[in-house]
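In the UniProt record's numbering, the protein residues as written are 1 to 285.
In case anyone wonders, no lab produced these hints; they're calculated from the structure. Misleading hints may appear alongside valid ones.
[Stated by the list, open to error] Cβ-Cβ distance ranges computed for the label pairs, FRET-style:
| id | residue 1 | residue 2 | range |
| --- | --- | --- | --- |
| 1 | Asp86 | Asn141 | 40 to 46 angstroms |
| 2 | Leu85 | Met271 | 21 to 27 angstroms |
| 3 | Trp252 | Asp86 | 38 to 44 angstroms |
Where is the CB? At the ideal position from N, CA and C, for every residue including glycine.
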Amino acid sequence: MSVCDPEVTGNHLLCRRSNCCSSEMLSVCRGFVVSSSRNREDSWFKSVFVRKVDPRKDAHSNLLTKNEESNLYKIQFHNVKPECLDSYNKLCEDVLPSIHADKYYPCELVGTWNTWYGEQDQAVHLWRYRGGYPALTEVMNKLRQNKEFMEYRNERGKMLLSRRNQLLLEFSFWNEPVPREGPNIYELRSYQLRPGTMIEWGNYWARAIGYRQHNREAVGGFFSQIGNLYMVHHLWAYKDLQSREDTRNAAWQHDGWDEVVYYTVPLIQHMDSRIMIPMKASPLQ
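Given these sequences and hints, build the entire structure.
Okay, here's the thing in structure tokens:
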């Protein structure tokens, strides 16, 4: 060998030479050892800190919902001109209950509220469509032929600053919202999750919901399908703000609640809380 014959044995680089290896070649050899060591360290750190998620075998809409019931929900957020709020409420109370009660429409008004704390001068409506997307399509087509409803929409449009909606599915481990007597206040907690974390969120909350059933405060839990994606909405009912405070504090006395909070907080990008008051026509009072 005239210059240098490098040989790798295990993790060590041995340099053999016939006479003398130049300082430049020794630097190259040392650099190779350092680089190889760093690559091994990077690989070890990644194996510890990079979260590994098993590939899903189905859509989370199938894994997390009550598939046998196929209920679809629509939540509407209407930002009302402040001077029109009373007229808007009266208009809704005159029209929405008639749609809810008419069996011709395969839909139900779950609840309708005004925001008390949170976005002001806002109305929130939650509808349920038993039968999923076909029921939604059927209702939309029939309402277009309903003269009273179309007049309601035109009049309503004059009172709004903006509006948005989402189509939702319900988590299988939450209660289905059913009418309840009041008086109650309602809290809608909305979470924007990091994409790809819905299954993880559902796994933790399937256990966590057991800690929040003692005062019948859990009304419903939903996740978005159309609209803002990876959105979760939790709906809670309380007698008043002090009852809300006491109930939420009591959850921390249960073993495991702190763990659920610890592991779900990193999944959240943004969250909102609305305290809402039911309208007179709301089945959830």
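Hint by hint, here is what the structure shows:
no. : hint                                 : verdict
1   : Asp86 <-> Asn141: 40 to 46 angstroms : violated (32 angstroms)
2   : Leu85 <-> Met271: 21 to 27 angstroms : holds (26 angstroms)
3   : Trp252 <-> Asp86: 38 to 44 angstroms : holds (40 angstroms)
The structure shown violates just one earlier hint, number 1.
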